[in-house]
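Chemist: Residue numbers (numbering that gives the first Met the number 0), protein chains in the order written: chain A, 0 to 297; chain B, 0 to 328.
Keep in mind that a hint or two might mislead.
Distance condition first, Cα-Cα at most 27 Å in a straight line; then the derived DSS-like pairs of lysine-lysine [what the hints assert, rightly or not]: (1) B:K203 - B:K252; (2) B:K90 - B:K124; (3) B:K283 - B:K265; (4) A:K22 - B:K108; (5) A:K26 - B:K108; (6) B:K307 - A:K29; (7) B:K86 - B:K203; (8) B:K55 - B:K137; (9) B:K8 - B:K90.
Going by beta-carbon spacing under 8 Å, a handful of chain B positions derived as facing chain A [what the hints assert, rightly or not]: (10) M54; (11) K86; (12) K90; (13) M94; (14) F96; (15) T101; (16) L103; (17) E115; (18) L121; (19) G122.
Calculated from the structure, these hints are not laboratory results. Where is the CB? At the ideal position from N, CA and C, for every residue including glycine.
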Amino acid sequence: MELSKTVNQSNTIITEKKYSPLKEFWKNWKRQKTALWASFFILLLIIIAVVGPYIAPYDPYKPDYNSMLQGPGSKHFAGTDEYGRDIFSRLLVGSRISLSVSFLSVFLGAIVGTILGLISGYFGGWLDRFIMRSSDVMFAFPDLLLAIAIVAILGPGLNNVVIAVSIFSVPSFARLVRGATLEAKETVFVEAAKSMGASHFRIMFQHILPETLGSLIVFISMRIGTAILAASSLSFLGLGASPETPDWGAMLSLGRDYLGTSSHVVMMPGIAIFLTVLAFNVVGDGLRDVLDPKTKNE
Amino acid sequence: MEKLLQIEKLETEFTKDKQALKILHGVNFHINKGEVLGLVGESGSGKSLTSLSIMKLFKGTSGEISGGRIQFNDQDLTNISESDMRKIRGKQIAMIFQEPMTSLNPVMKIGEQLLEPIRLHLGLKEKQAKAHAVSILKKVGIPRAEEIINEFPHQLSGGMRQRIMIAMAISCNPQLLIADEPTTALDVTIQAQILDLMKQLQQKENMSVLLITHDLGVVAEMCDRVVVMYAGRVVEEADVFELFESPKHPYTKGLIGSVPKLGQKKEKLDSIKGNVPDPSNLPKGCKFAPRCNNVMPICYQEEPPDLKLENGRSCSCWLYKEERGDICV
Numbered sequence: 000m001e002l003s004k005t006v007n008q009s010n011t012i013i014t015e016k017k018y019s020p021l022k023e024f025w026k027n028w029k030r031q032k033t034a035l036w037a038s039f040f041i042l043l044l045i046i047i048a049v050v051g052p053y054i055a056p057y058d059p060y061k062p063d064y065n066s067m068l069q070g071p072g073s074k075h076f077a078g079t080d081e082y083g084r085d086i087f088s089r090l091l092v093g094s095r096i097s098l099s100v101s102f103l104s105v106f107l108g109a110i111v112g113t114i115l116g117l118i119s120g121y122f123g124g125w126l127d128r129f130i131m132r133s134s135d136v137m138f139a140f141p142d143l144l145l146a147i148a149i150v151a152i153l154g155p156g157l158n159n160v161v162i163a164v165s166i167f168s169v170p171s172f173a174r175l176v177r178g179a180t181l182e183a184k185e186t187v188f189v190e191a192a193k194s195m196g197a198s199h200f201r202i203m204f205q206h207i208l209p210e211t212l213g214s215l216i217v218f219i220s221m222r223i224g225t226a227i228l229a230a231s232s233l234s235f236l237g238l239g240a241s242p243e244t245p246d247w248g249a250m251l252s253l254g255r256d257y258l259g260t261s262s263h264v265v266m267m268p269g270i271a272i273f274l275t276v277l278a279f280n281v282v283g284d285g286l287r288d289v290l291d292p293k294t295k296n297e
Numbered sequence: 000m001e002k003l004l005q006i007e008k009l010e011t012e013f014t015k016d017k018q019a020l021k022i023l024h025g026v027n028f029h030i031n032k033g034e035v036l037g038l039v040g041e042s043g044s045g046k047s048l049t050s051l052s053i054m055k056l057f058k059g060t061s062g063e064i065s066g067g068r069i070q071f072n073d074q075d076l077t078n079i080s081e082s083d084m085r086k087i088r089g090k091q092i093a094m095i096f097q098e099p100m101t102s103l104n105p106v107m108k109i110g111e112q113l114l115e116p117i118r119l120h121l122g123l124k125e126k127q128a129k130a131h132a133v134s135i136l137k138k139v140g141i142p143r144a145e146e147i148i149n150e151f152p153h154q155l156s157g158g159m160r161q162r163i164m165i166a167m168a169i170s171c172n173p174q175l176l177i178a179d180e181p182t183t184a185l186d187v188t189i190q191a192q193i194l195d196l197m198k199q200l201q202q203k204e205n206m207s208v209l210l211i212t213h214d215l216g217v218v219a220e221m222c223d224r225v226v227v228m229y230a231g232r233v234v235e236e237a238d239v240f241e242l243f244e245s246p247k248h249p250y251t252k253g254l255i256g257s258v259p260k261l262g263q264k265k266e267k268l269d270s271i272k273g274n275v276p277d278p279s280n281l282p283k284g285c286k287f288a289p290r291c292n293n294v295m296p297i298c299y300q301e302e303p304p305d306l307k308l309e310n311g312r313s314c315s316c317w318l319y320k321e322e323r324g325d326i327c328v
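So here's chain A without its partners, still in its complex pose (with noise of 0.2 Å):
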């Protein structure tokens, strides 16, 4: 009876201790204390661009001739645009746009250049050759001037935004992964996997990809924020959103003229801009200390 009883308890010592890898990233995460409030700002932009239209206080394409370049008060929140239209209730459906242009176009680079980098990497050779040097050619363009180029190509709107961004991420993909690729292709386990009689595909996605996912993640990340100041630098030159709709990167652009008069306009979308550019790279900066296992247990 005894026995049995210690038994037990053994065996639900041996449980509680079981490893979860995502237990172990919250009790981390949970030490970055910059990068925790900036993940929970994100969080919440993410539900703003969800239930924004539903929640803002006014209509964001209607004008109001009556209150025009209102300055932030209590009617208005962040004041209002030379038509009169809410500032607040645009920046909240204008989170949308943002976001899921960023995102949108920052998954499409990642998916693209992950692949690219793995065959590189892998496989070597002239296939290596051709995908670096045609991506240093890419590298060689500014990448904002690069943007221009294929929006200017493609026609202004912000489905071509997305496709500009996303090629101008692909190289810096790549580049990450195709790095990794080569440490990862190394070691013994892809060898292991391979003595197995694993095939090329196996390994590259089943072995070394997950090796590369760390500092993708944190690349993705940082790399989010960089896509909404392109994304927003093209909408203001007039080459992405057309200027009606509630774009932060526009909405910039519209109020530009009455920067002297009622600086408001360009503020407050800029402070938008701004916080969110800079939670996700404080994000991307904590998740690179959380991730990478040469800092993990410092």
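Given the coordinates of chain A, assemble chain B onto it according to the supplied hints.
Modeler: Positioned in the frame of chain A, the structure of chain B alone reads:
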């Protein structure tokens, strides 16, 4: 006895800066069915490269088989396609590596890794494959096998991980198991356990084993026959008892002599002077001549032939030229 694997004049080379550097210079040996063959030699003598040549695993390096044959059953492994080779790897020839700490993928659960070859080669359904994996884990003496398959490699000790590597290797009942220094990274008590396990499994499954090691103690315990390699060549081949009883080649003598014996009252251990020669700058004649105690003028002139001696032994050394006149290649 039936031969499972026969290697004839195997040559493997690496290319660096468009210059070929030959590492294996005509390696000859064979493995019989159900036999444990030890492959012995210093670091850099080409033992591991021989095993990698059999598996055709040169990773990203420029390694290439440039000559000779590797006859496995009725196939010549040197000229079959990569996709055919993939079907042989894991199913007919499996491999255990030196480092149990790094040969398992750290981010994959044990079960997933173990199921990889089972699914691939045996084509079992998910449930049967899992049952097979658990039974294999039990076979290699792993407690709570059902739980272990849901754990990650870092939760296990080195000995356990090597057991899992062995489980993976034998999961598809290979005919030949190549074990590349399987116990080097383990401590002595675990070493003995792992060797015992391998011997047991080998006898139960009637598997052939190519055991690569530089530990003569392991050889004595495990092997039926031994092949001694030096500078990319086979210098001696003999039955394990005869090898230890009367080593022929001065290099083998040196190797056996450098093992400290119990009750030995010497201050200094015997050793073979010098180092393994640089493969890009090999001496003329016998490659062991500069380090040999019995060196003769001819050793510096010409490479010794592979001499067949009594009891199926062979040795490539000029000392035995008079003993057996006829030269066998």
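Chemist: A separate judgement is required for each hint: does it hold in the structure or not?
Modeler: How the hints compare with the structure:
At roughly 34 Å between alpha-carbon atoms, K203 (chain B) and K252 (chain B) are farther apart than 27 Å, so this suggested pair is violated. Using a Cα cut-off of 27 Å, the hinted pair K90 (chain B) and K124 (chain B) holds, with the two alpha carbons roughly 17 Å apart. Between K283 (chain B) and K265 (chain B) the alpha-carbon distance is near 35 Å, which puts this suggested pair outside the 27 Å criterion. For the hint linking K22 (chain A) to K108 (chain B), the alpha-carbon distance of about 16 Å falls within 27 Å, and the restraint holds.
This hinted pair checks out: K26 (chain A) and K108 (chain B) have alpha carbons roughly 21 Å apart, not beyond 27 Å. Taking the CA atoms of K307 (chain B) and K29 (chain A), the gap is about 71 Å. The hint is violated against a cut of 27 Å. Between K86 (chain B) and K203 (chain B) the alpha-carbon distance is near 24 Å, which keeps this suggested pair within the 27 Å criterion. For the suggested pair K55 (chain B) and K137 (chain B), the alpha carbons sit about 31 Å apart, so the restraint of at most 27 Å is broken.
With a CA separation close to 26 Å, the supplied pair K8 (chain B) and K90 (chain B) stays within the 27 Å bound. Given the 8 Å rule on beta carbons, the hint for M54 (chain B) holds: about 6 Å separates it from the nearest Cβ of chain A. With 8 Å as the threshold, the beta carbon of K86 (chain B) comes within range of chain A, its nearest partner Cβ sitting at about 7 Å, so the hint holds. Checking K90 (chain B) against chain A by beta carbon gives a least distance of about 6 Å; that is within 8 Å, so the hint holds.
With 8 Å as the threshold, the beta carbon of M94 (chain B) comes within range of chain A, its nearest partner Cβ sitting at about 4 Å, so the hint holds. Checking F96 (chain B) against chain A by beta carbon gives a least distance of about 6 Å; that is within 8 Å, so the hint holds. With 8 Å as the threshold, the beta carbon of T101 (chain B) comes within range of chain A, its nearest partner Cβ sitting at about 4 Å, so the hint holds. Restraint check, L103 (chain B) versus chain A: the minimum CB separation of about 6 Å is within 8 Å; hint holds.
Taking 8 Å as the C-beta cut-off, the interface hint given for E115 (chain B) holds, the closest approach to chain A being about 6 Å. A hinted interface residue such as L121 (chain B) counts as satisfied when its beta carbon comes closer than 8 Å to some beta carbon of chain A; here the least separation is about 11 Å, so the hint is violated. Annotation: interface hint on G122 (chain B) violated; nearest CB of chain A at approximately 13 Å, more than 8 Å.
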